[in-house]
Amino acid sequence: MKDMVKITLSLVAIFIAAALIMGVTYKFTSPIRFYAEKKEKEEALKEMAPDAKDPIAVAGKWTVHGKSFEYYAATTEKKPVGYIASTAGKGYSSFIQMLVSIDTGLKVKEIKILHHGETPGLGDQVEEKGFLNQFTGKTLNQIVLVKTETKENIQAISGATISSRAVTNGVKDAVQTLVDKYGSGFTRAAANEVKK
Amino acid sequence: MTTDKVNYGTIIKNGIFGENPVFRLALSLCPAVAVTSGVKNGFLMGVAVLFVMTMVNGTVSLLRNFISPKVRIPSYMFIIATWVTVTDLVMAAYARDVYKQMGLYIMLIVAFAIVLSRAEMFASKNKLIPSMVDGAAMGMGFLLALVLLGVFRESLGKGSLWGYKFVETKPLLIMIMPTGGFFAMGLMMGWLNWVDRKFFGGTGASSGGH
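Listed in order, the protein sequences are those of chains A and B.
When we follow this note's numbering, the leftmost residue of the first sequence carries the number 1, and every step to the right adds one.
When we follow this note's numbering, the leftmost residue of the second sequence carries the number 1001, and every step to the right adds one.
Hints are computed from structural coordinates only; laboratory data are not their basis.
Computed from a predicted structure; not experimentally measured.
All C-beta atoms, glycine included, are put in the ideal place defined by N, C-alpha and C.
Some hints could be false.
If you want the ones that stay clear, here's a sample from chain B, every Cβ over 12 Å from chain A, calculated [claimed, not checked]:
(1) T1010
(2) A1026
(3) K1070
(4) V1090
(5) M1107
(6) L1108
(7) M1121
(8) L1148
(9) M1189
(10) R1197
(11) F1200
Below, simulated DSS-like cross-link-like pairs (lysine-lysine); rule was C-alpha separation at most 30 Å, straight line [as the list claims (entries may be wrong)]:
(12) A:K6 x A:K38
(13) A:K79 x A:K46
(14) A:K39 x A:K79
(15) A:K38 x B:K1100
(16) A:K90 x B:K1100
(17) A:K112 x B:K1165
(18) A:K151 x B:K1158
The following residues of chain B were derived to be distant from chain A, with all beta-carbon distances above 12 Å [unchecked claim]:
(19) V1006
(20) G1018
(21) I1067
(22) A1093
(23) S1117
(24) K1125
(25) L1128
(26) P1130
(27) M1140
(28) T1169
Whole structure, please, built from the sequences with the hints as guidance.
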């Protein structure tokens, strides 16, 4: 009986001490992390549309996988030069968060992976340029994942098919959204709004 | 727990060679296979483990008279989880560049058998400094094993080292798949045992059982 109390107390003491340490660390590091991430996101957005002179503004929100994402219109002197959407794909062990930019001809310009938690050595290969560059210049219908060598579509990385598919689907969803919104100018976007 | 003078040389040699976590104790083989498809991955994982093991061994050693033996495993697990979380949070805030490279690995360390094993086998019976030295030495051994496996697998599987290509051929893709990890591990273990038996007169066999 006495033993039981002692064991419980020692466990509780360790747990409380650990919780305190983690809590204090979190309190001091989370604001720094938050601002660092915000700044990184702004820089990433700027990188996605280097030819936009105006500051990139949020144009609206869209939803995928039950999460809300933003899309942006990159403009120079109020004229659109491209569109950007943040998106995510469901990978092997995490959501892969990305930025996708398309030009005014609705072709993919660039993909940037912001955050993911895929398996090191396998899934994280989707970050490599060789894979991501495949998307450049593709139209919506070309964004299809295949397992053989291809110029028309997207070739999956061997050993990382699920992560490759996650990126491909995430990009496809984002491009679909952007095409829906900006497909044939703003009239189409307006029509879609009415339909919904 | 002995009061004799501790021989740090022995502890370090033991961690890196005598009881190398991967090749001798055969512990934490799962991460050793998972992350060694490239030298860089193996190295970064090794560094993270080195740090966490040193800190965990130190903490466990400090608390060794306080932790009730009957609930030592949950206590150790919590100490490990705390250090891993603290490492993760601090790096995410202050070392963004390194975190982007290593962030993936840090959370995985919680589940490593080798960290728990050293807390149980060494730190709970020894004083602070020897325990930390043991943690660091074991971490070094782990780091070395991961880098060795990484060099072997990446050079065969991708024809590159640390991401830099040095041959332009179609590589032996199987080596970077998990299957190749087991091949590499077995070959490496066998080779090291052979070296040990041939030149150092050791018994060779991986002790397993721990």
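Structure-based check of each hint:
1. T1010: holds, 31 Å
2. A1026: Label holds. Min Cβ-Cβ 20 Å, cutoff 12 Å.
3. K1070: violated, 6 Å
4. V1090: Incorrect as stated: the minimum Cβ-Cβ distance to chain A is 6 Å, not above 12 Å.
5. M1107: Check fails; 8 Å does not lie beyond 12 Å.
6. L1108: violated, 8 Å
7. M1121: Holds, since 20 Å exceeds 12 Å.
8. L1148: holds, 15 Å
9. M1189: holds, 20 Å
10. R1197: With a cut-off of 12 Å, B:R1197 remains clear of chain A, as the shortest Cβ separation is near 32 Å.
11. F1200: Holds, because the least Cβ-Cβ distance between B:F1200 and chain A comes to about 32 Å, which exceeds 12 Å.
12. A:K6 x A:K38: violated, 47 Å
13. A:K79 x A:K46: holds, 16 Å
14. A:K39 x A:K79: holds, 25 Å
15. A:K38 x B:K1100: Distance ~15 Å between A:K38 and B:K1100 Cα, so the pair holds.
16. A:K90 x B:K1100: holds, 20 Å
17. A:K112 x B:K1165: OK: A:K112 and B:K1165 at ~23 Å, within 30 Å.
18. A:K151 x B:K1158: Status holds; Cα separation ~22 Å.
19. V1006: holds, 26 Å
20. G1018: holds, 28 Å
21. I1067: Nearest chain A Cβ is 6 Å from B:I1067, so the label is violated.
22. A1093: violated, 4 Å
23. S1117: holds, 19 Å
24. K1125: holds, 18 Å
25. L1128: holds, 17 Å
26. P1130: B:P1130 clear of chain A: closest Cβ-Cβ about 22 Å, beyond 12 Å.
27. M1140: holds, 20 Å
28. T1169: holds, 16 Å
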